[in-house]
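Asker: Here's the letter readout for the chains.
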Amino acid sequence: MKFLTALNSYIRDSVLPMIILAIMLTFSILLLVTTVAQVGYIMYDYDVVASAELDNAYYISNVMSAEEFNEWYITPYDEVSEKFETMRSDPSVESVFTVRSITSSFYGNRQLSIVIFEREMLDYFPELKKSGLNFTDDPYGCILATPELNSYKEGDTLEMSLSGAGSATQALNVLGHVSYPYHGMTFSSGGNNIDVSSLFSESGGVFMLYSDELMATLMERNAEIKYNPGYMVVFKDAPNLDLIFTSDEQAIPFLLRDVVETSKTLIREILTDTLPRPLFLLASAFIAYVSTTVLMFKKKEGELAVNYLCGCSRTKCGLIAFCAYNLISIVPVIINIIVVTIAPELHWQGTVNLSGYKFDSQTILYIFGCYAVTALIAVIVTVGSMAKHTPITYLRGARE
Amino acid sequence: MIKLSNINKIYKVGNTDFYALNDVSLEIKKGEFVAIRGASGSGKTSLLNIIGCLDNCSSGTYLLNDKDVSKISDGQKSKIRNEQIGFVLQDFALIDSQSVIYNVKLPLLFGRGSFSTLNRKARKALKLVGISEQAKKKANQLSGGQRQRVAIARAIVNWPSLILADEPTGQLDSKTGMQIMELLEALNEQGMTVIVVTHDDKIASYASRIITISDGKIV
Ligand SMILES: Nc1ncnc2c1ncn2[C@@H]1O[C@H](COP(=O)(O)OP(=O)(O)OP(=O)(O)O)[C@@H](O)[C@H]1O
Ligand SMILES: [Mg+2]
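Taken in sequence, the protein lines are chains A and B. Residue 376 in numbering that gives the first Met the number 0 sits at position 377 of the first sequence; the count goes up by one each step and never skips. Residue 139 in numbering that gives the first Met the number 0 sits at position 140 of the second sequence; the count goes up by one each step and never skips.
Hints listed in this document are in silico derivations from the structure and should not be mistaken for laboratory results. Any given hint could turn out to be false.
Mimicking DSSO-like on lysine-lysine, the simulated pairs with C-alpha atoms at most 27 Å apart in a straight line are [to be verified]:
id, chain 1, residue 1, chain 2, residue 2
1, A, K387, B, K78
2, A, K1, B, K137
3, B, K136, B, K126
4, B, K11, A, K387
5, B, K78, A, K1
6, B, K66, A, K315
7, B, K78, B, K120
So the derived list for chain B, only partly shown, Cβ under 10 Å to chain A, looks like this [said to hold, decoys possible]:
id, residue
8, N48
9, D67
10, V68
11, K70
12, Q75
13, L108
14, I130
15, A134
16, N157
17, H198
Idealized CB from N, CA, C, for every residue including glycine.
Put together the whole structure using the sequences plus the hints.
Answerer: Rendered as structure tokens:
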């Protein structure tokens with residue numbers, strides 16, 4: 000309390016510049032953190048794709064008009080399955096990865112989708128398991144990919160009503176959770192511009208593995224199963240793109256290697272185009288921090304000398320100055336940590352749309368990094384100023 | 000109470016050593032009222048700063064209450080300043096932008112007492128020097144004489160055994176100066192050891208002993 004009183008006296012004439020500087024720091028750190036979160040999001044997808052065998056693998060995107068889309072949408076499930084079976088049976092093809100989803104499964108009032116992909120795909124992209132996709136042989140095993148279902152634990156049973164299946168529900172066995180930001184490979188994007196993130200989305204539901212037993216059960220219940228628009232074809236050696244074009248007119252095949260290259264460029268763009276702005280702002284904030292703290296010391300040098308006269312040791316004088324400077328940076332740091340911590344929650348609730356950002360412990364590390372810089376500046380300014388202007392020279396100087 | 004033996008204070012000026020204090024030995028007993036007199040630049044402030052544990056001597060030994068304080072740490076020196084010594088300086092050394100009461104509280108802020116007793120103790124000290132009604136004013140709103148009273152209140156708020164005054168009347172007119180000296184005299188009568196630095200004979204005459212210093216040496 001006594002220390003706080005002395006600290007308060009040290010800062011009371013500088014409150015306005017301190018607040019302005021704190022605001023400046025808050026925004027610069029926030030800007031840096033969001034950029035880092037953006038890179039963090041892409042990097043996860045990037046790692047998953049780049050770690051796979053890329054040579055003969057194609058992601059098949061498509062560009063459809065609204066009519067074409069409608070037509071595709073009402074194509075019966077069996078017909079599409081047949082198309083993929085034809086491709087699979089071609090001698091040039093090693094495997095075809097598709098993603099099925101049950102488009103409107105309801106849990107409570109909230110729409111959740113069941114996303115089903117093949118175990119082979121999981122083997123092809125081993126990094127996928129890092130997010131928590133660890134399946135067993137249980138055909139009804141599912142992995143939850145939404146914080147809404149966080150109350151369900153491993154071993155629990157989840158009753159899902161299936162769209163098309165009336166009031167009957169299907170019991171699924173919870174095997175685990177997908178980690179934040181809850182996205183997985185869903186092949187739900189099309190278009191001409193495909194980067195690694197296009198292959199992923201936040202499914203907002205549960206992931207399951209394809210099995211004949213599961214499919215039989217779902218069919219039996221008349222569940223409405225759809226294929227997601229994208230798919231992936233891995234050729235044995237020479238790619239046979241004609242095979243794709245004959246069965247799929249709108250297909251735009253992207254060599255996975257090219258997709259990775261596109262993403263590399265995208266990441267590089269973020270790093271070279273977007274990152275400099277927050278870095279520049281942050282650097283300006285740090286410079287402003289240096290000058291403010293130096294000026295504050297100059298202004299209060301006499302007060303510290305008087306404190307010294309009254310029995311405040313030099314260490315304690317320095318501590319007063321150091322704590323005052325820390326007050327400027329600690330508030331922005333706390334604000335940013337709060338923002339980063341509640342951002343995923345806000346995103347989930349739909350308050351703000353933050354898809355494409357991954358806020359995690361690494362982002363918090365960057366915030367602490369910024370704090371470390373200001374703390375270092377505070378130490379240097381305090382120690383430097385104290386060494387240059389000892390209380391005794393001030394007490395003499397003021398008098399002579 | 001104070002025993003200085005062969006104290007030197009050397010300032011480095013370029014490559015040469017400048018002796019601000021040259022082999023000073025001095026003893027002051029508890030309860031004494033001592034004046035240190037000397038021309039400008041003779042080393043009075045340097046001596047007072049060493050006695051007050053504000054500055055280190057270059058060589059020699061300084062016993063304060065039989066304890067060697069010439070080689071102790073800054074933290075320990077600060078504790079001694081806080082508990083045993085009160086300072087009254089020519090330019091008052093107040094925090095101008097702060098209230099009178101805050102200035103008087105300062106030694107208590109860095110001492111050991113509990114926070115809740117601070118205001119009471121500070122008001123008591125202000126009352127003793129006769130300016131309790133100014134407590135809420137800012138230090139820079141007071142007259143010179145009033146400011147020096149605030150400085151004295153601050154010096155005695157911890158009830159130290161030693162008061163060090165460096166030309167306490169230097170910025171005051173002679174009548175106000177006399178009042179300040181009477182205040183110091185009253186403190187001396189209550190048992191405090193008082194050392195006043197001055198080059199004014201009239202001020203020096205309040206003291207029971209006068210020490211004259213010239214070119215860093217006691218004469
Ligand atoms: N930091 C310093 N560096 C170099 N010389 C110094 C320093 N401080 C004081 N001196 C010199 O030491 C000598 C004694 O100074 P001091 O302040 O003790 O004198 P004083 O007797 O108090 O003078 P005054 O009556 O003017 O206050 C002076 O010649 C001064 O120039
Ligand atoms: Mg002097």
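Asker: Each hint should be assessed against the structure and marked as holding or not.
Answerer: So, going through the hints one by one against the coordinates:
Distance check on the hinted pair: K387 of chain A and K78 of chain B sit about 23 Å apart at the alpha-carbon level, within 27 Å; holds. Simply put, K1 of chain A and K137 of chain B have alpha-carbon atoms about 20 Å apart, close enough for the 27 Å limit, and the pair holds. For the suggested pair K136 of chain B and K126 of chain B, the alpha carbons sit about 15 Å apart, so the restraint of at most 27 Å is met. With a C-alpha separation of about 16 Å, the suggested pair K11 of chain B and K387 of chain A falls inside the 27 Å cut-off, and the hint holds.
Of the supplied pair hints, the one linking K78 of chain B and K1 of chain A holds, its CA atoms being roughly 15 Å apart against a limit of 27 Å. Taken as a hint, the K66 of chain B and K315 of chain A pair is honoured in the structure, with Cα atoms around 24 Å apart against an allowance of 27 Å. A C-alpha spacing of about 19 Å is found between K78 of chain B and K120 of chain B, which places the hinted pair at or below 27 Å, so the restraint holds. At about 7 Å, the closest approach between the beta carbon of N48 of chain B and any beta carbon in chain A falls short of 10 Å, and the interface hint on this residue holds.
Nearest Cβ of chain A to the Cβ of D67 of chain B: about 19 Å, over the 10 Å cut. The hint is violated. Given hint, V68 of chain B at the interface with chain A, is violated; its Cβ is 14 Å from that chain's nearest Cβ, farther than 10 Å. Nearest Cβ of chain A to the Cβ of K70 of chain B: about 16 Å, over the 10 Å cut. The hint is violated. Of the supplied interface hints, the one on Q75 of chain B holds, with its beta-carbon coming within about 9 Å of a beta-carbon of chain A, less than 10 Å.
Checking L108 of chain B against chain A: minimum C-beta separation of about 5 Å stays under 10 Å; hint holds. Checking I130 of chain B against chain A: minimum C-beta separation of about 19 Å lies over 10 Å; hint violated. Nearest Cβ of chain A to the Cβ of A134 of chain B: about 16 Å, over the 10 Å cut. The hint is violated. Given hint, N157 of chain B at the interface with chain A, holds; its Cβ is 8 Å from that chain's nearest Cβ, closer than 10 Å.
Restraint check, H198 of chain B versus chain A: the minimum CB separation of about 14 Å is more than 10 Å; hint violated.
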